[in-house]
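So the sequence lines, in the order shown, correspond to chains A and B. Each position in the first sequence, counted from 1, maps to that position plus 303 in the numbering used here. Each position in the second sequence, counted from 1, maps to that position plus 1 in the numbering used here.
What the hints contain is simulated information worked out from the structure, not anything from laboratory work. There's no promise every hint is true.
Looking from chain B toward chain A, a few residues come up when the C-beta cut is under 8 angstroms (computed) [what the hints assert, rightly or not]:
hint: 1; residue: ARG7
hint: 2; residue: SER11
hint: 3; residue: PHE15
hint: 4; residue: HIS184
hint: 5; residue: GLU187
hint: 6; residue: ILE292
hint: 7; residue: LEU303
hint: 8; residue: ARG305
hint: 9; residue: VAL306
hint: 10; residue: LYS332
hint: 11; residue: VAL371
hint: 12; residue: PRO374
hint: 13; residue: GLN376
If we take Cβ atoms under 7 angstroms as the criterion, some of the chain A residues that face chain B in the derived model are [what the hints assert, rightly or not]:
hint: 14; residue: TYR333
hint: 15; residue: MET340
hint: 16; residue: SER362
hint: 17; residue: PRO367
hint: 18; residue: THR420
hint: 19; residue: ARG421
hint: 20; residue: GLY425
hint: 21; residue: LEU426
hint: 22; residue: MET430
Calculated from the model, a selection of chain A residues having no Cβ within reach of chain B, i.e. all distances over 12 angstroms [to be verified]:
hint: 23; residue: ILE332
hint: 24; residue: THR339
hint: 25; residue: GLU381
Computed from a predicted model, the values in this text were never measured in an experiment. The beta-carbon is built from N, C-alpha and C at its ideal position, and this holds for glycine as well.
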Amino acid sequence: MQLTEIRVAGFGGQGVILSAIVIGKAASIYENGFATMTQNFGPEARGGACSAQVILSDSPILYPYVTRPDILMVMSQEAYNKFGPELKPNGLLLIEQDLVRVSNISAATRVFSCPATRIAEGLGKRMVLNSVMVGFFGAVSKALGVEALRSAIADSVPSSFKELNLKAFDQGHDFGLNKLTGEPVRRDLEDVMTTINA
Amino acid sequence: MNADPRGVLSGTHFLDGDHACCEGALAAGARFSAGYPITPSTEIVERFSSRIPTVGGTFIQMEDELAASIAIQGAVWGGAKAFTVTSGPGFSLMMEHIGYAVMTETPCVFIDVQRGGPSTGLPTLPAQSDMMQARWGSHGDYSLIALSPNSPQECFDLTITAFNLSERYRTPVMLMMDEVVGHMTEKVVIPEADKIEVEPRRHTKKSPAEFLPYEPAEDGVPEMVHAGEGFRFHVTGLTHDERGYPSMTPQTQDKLVRRLRSKIDGANRQIGLYEAEGLDDAEVVVVSYGITSRVAQRAIELARVRGIRVGKLRLITVWPFPEQLIRTLAKRVTAFVVPELNLGQVVLEIERSAGSHAHTISVPHAGGNVHRPEQILDAILEAAK
Numbered sequence: 304m305q306l307t308e309i310r311v312a313g314f315g316g317q318g319v320i321l322s323a324i325v326i327g328k329a330a331s332i333y334e335n336g337f338a339t340m341t342q343n344f345g346p347e348a349r350g351g352a353c354s355a356q357v358i359l360s361d362s363p364i365l366y367p368y369v370t371r372p373d374i375l376m377v378m379s380q381e382a383y384n385k386f387g388p389e390l391k392p393n394g395l396l397l398i399e400q401d402l403v404r405v406s407n408i409s410a411a412t413r414v415f416s417c418p419a420t421r422i423a424e425g426l427g428k429r430m431v432l433n434s435v436m437v438g439f440f441g442a443v444s445k446a447l448g449v450e451a452l453r454s455a456i457a458d459s460v461p462s463s464f465k466e467l468n469l470k471a472f473d474q475g476h477d478f479g480l481n482k483l484t485g486e487p488v489r490r491d492l493e494d495v496m497t498t499i500n501a
Numbered sequence: 002m003n004a005d006p007r008g009v010l011s012g013t014h015f016l017d018g019d020h021a022c023c024e025g026a027l028a029a030g031a032r033f034s035a036g037y038p039i040t041p042s043t044e045i046v047e048r049f050s051s052r053i054p055t056v057g058g059t060f061i062q063m064e065d066e067l068a069a070s071i072a073i074q075g076a077v078w079g080g081a082k083a084f085t086v087t088s089g090p091g092f093s094l095m096m097e098h099i100g101y102a103v104m105t106e107t108p109c110v111f112i113d114v115q116r117g118g119p120s121t122g123l124p125t126l127p128a129q130s131d132m133m134q135a136r137w138g139s140h141g142d143y144s145l146i147a148l149s150p151n152s153p154q155e156c157f158d159l160t161i162t163a164f165n166l167s168e169r170y171r172t173p174v175m176l177m178m179d180e181v182v183g184h185m186t187e188k189v190v191i192p193e194a195d196k197i198e199v200e201p202r203r204h205t206k207k208s209p210a211e212f213l214p215y216e217p218a219e220d221g222v223p224e225m226v227h228a229g230e231g232f233r234f235h236v237t238g239l240t241h242d243e244r245g246y247p248s249m250t251p252q253t254q255d256k257l258v259r260r261l262r263s264k265i266d267g268a269n270r271q272i273g274l275y276e277a278e279g280l281d282d283a284e285v286v287v288v289s290y291g292i293t294s295r296v297a298q299r300a301i302e303l304a305r306v307r308g309i310r311v312g313k314l315r316l317i318t319v320w321p322f323p324e325q326l327i328r329t330l331a332k333r334v335t336a337f338v339v340p341e342l343n344l345g346q347v348v349l350e351i352e353r354s355a356g357s358h359a360h361t362i363s364v365p366h367a368g369g370n371v372h373r374p375e376q377i378l379d380a381i382l383e384a385a386k
């Protein structure tokens with residue numbers, strides 16, 4: 304596990320903080336590495352863009368803050384506008400496909416999109432979109448093992464929602480694997496905006 | 002003795018420093034807390050208030066910090082282990098009662114999750130600017146103990162240490178956290194209860210007829226009894242003799258105040274916790290504590306890559322100050338570099354202890370963030386010139 308700086312951002316209520324907790328837990332508890340998670344407090348964290356940062360490493364983490372994320376996972380346009388510019392030029396950008404339009408981006412950035420909200424709605428609960436995104440993150444970034452992430456989800460959500468969140472994770476993960484291999488996505492999950500623009 | 006398993010949440014967790022601190026208090030045996038919750042310390046008592054009904058104990062949200070800081074002392078004299086939690090503005094209000102705890106030798110723990118000041122300052126952002134206040138904030142001559150954790154794991158571990166030291170020396174102990182450590186989340190391992198050492202109260206074995214409430218044992222610390230146990234005792238902030246009766250003479254004052262100081266200062270070796278690395282051949286030593294020590298570590302590594310012999314001294318115990326250690330080091334190093342999230346507080350002690358033997362370079366920061374490692378590196382390079 305090389306030093307990886309991750310920022311997760313979106314609206315308050317999308318489960319941004321929980322996503323970061325799951326990633327940190329997977330790394331530090333289930334993969335025996337080190338993880339430090341911080342979140343933005345203060346007036347800027349109330350409503351609007353909500354953000355959490357996780358640093359993963361195989362040695363103890365010293366500096367606690369993320370400065371130039373290697374991975375940026377964003378679930379709202381406002382969060383993208385705010386945090387997009389700080390992504391490393393060759394970084395990995397993961398976006399909620401229907402909520403974020405990417406612009407002014409370095410050609411070296413690898414961008415992957417996932418309709419996490421629609422997948423979550425398909426499962427009957429929009430609130431599990433964060434678990435979809437974490438699954439998508441796991442598949443595309445390969446920063447952490449699937450089992451570590453699944454264990455961290457199972458351990459972090461209320462037991463009555465465990466199965467649902469794991470299902471959401473698996474669907475996000477499958478979607479990510481398909482993206483990587485270029486497999487066609489389900490027609491109902493195609494990028495609506497792209498289709499319209501085309 | 003071992004910790005009471007009811008309060009120990011054994012296992013591997015992913016917790017922030019505030020929550021870890023609460024678990025430390027529960028593991029240490031704290032069964033009473035009174036507070037007037039304030040950012041960035043709120044999560045400690047928030048968790049305590051939800052955990053304590055199942056563990057067995059009490060949390061009271063008081064009308065203000067004065068009330069909170071004295072309610073815990075009432076609980077201690079009633080037999081409980083107790084603590085309160087605050088940040089800058091609340092810490093200021095607690096000063097009078099910290100002095101009361103010193104004078105009445107009431108074992109208790111004050112947790113200050115430091116934020117930027119003065120006044121309401123930066124409620125959600127870090128500082129380490131209450132360090133001198135922790136040492137000197139209450140009036141009169143006294144010594145107390147202050148510890149400074151740099152990770153959620155240490156927030157757990159050192160909260161237990163704080164309770165243990167408070168019982169051992171019958172003194173208020175300050176746990177000087179900061180907003181970053183309080184709000185950062187990392188892995189925290191909580192051992193089984195039988196692996197956690199807990200200092201029991203120094204309860205007297207004497208009969209009520211023999212017992213003198215302020216008669217010191219050999220180490221200068223008196224034994225204790227609790228209200229309602231049939232002993233005659235008197236708890237007062239007035240200068241008192243060994244019977245606990247007010248005695249306003251220079252002789253009683255001299256004897257009492259010197260004992261209150263020497264029981265702490267004289268035990269510096271037992272109380273002092275430090276993390277040292279590369280001191281043997283160091284030309285420059287970076288002295289830091291709390292969150293700043295983690296940033297300093299990165300700066301030290303950057304400096305070593307450049308061939309500079311840099312040593313690290315992390316103060317886990319900040320008060321009592323390791324005067325002798327700095328004095329010894331000062332004779333063989335060129336300079337001390339002291340980064341702090343304040344405009345120069347603990348650096349004054351280092352300067353004083355080093356005297357003319359070594360330079361002392363302060364790396365101040367007004368708070369609101371942590372240093373950039375490069376700021377500390379620049380000071381190391383300057384010191385090594």
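Self-check item: In rising order, the numbers of the hints this structure does not comply with
Solution: 1, 2, 7, 8, 9, 10, 13, 14, 16, 18, 19, 20, 21, 22, 23, 24
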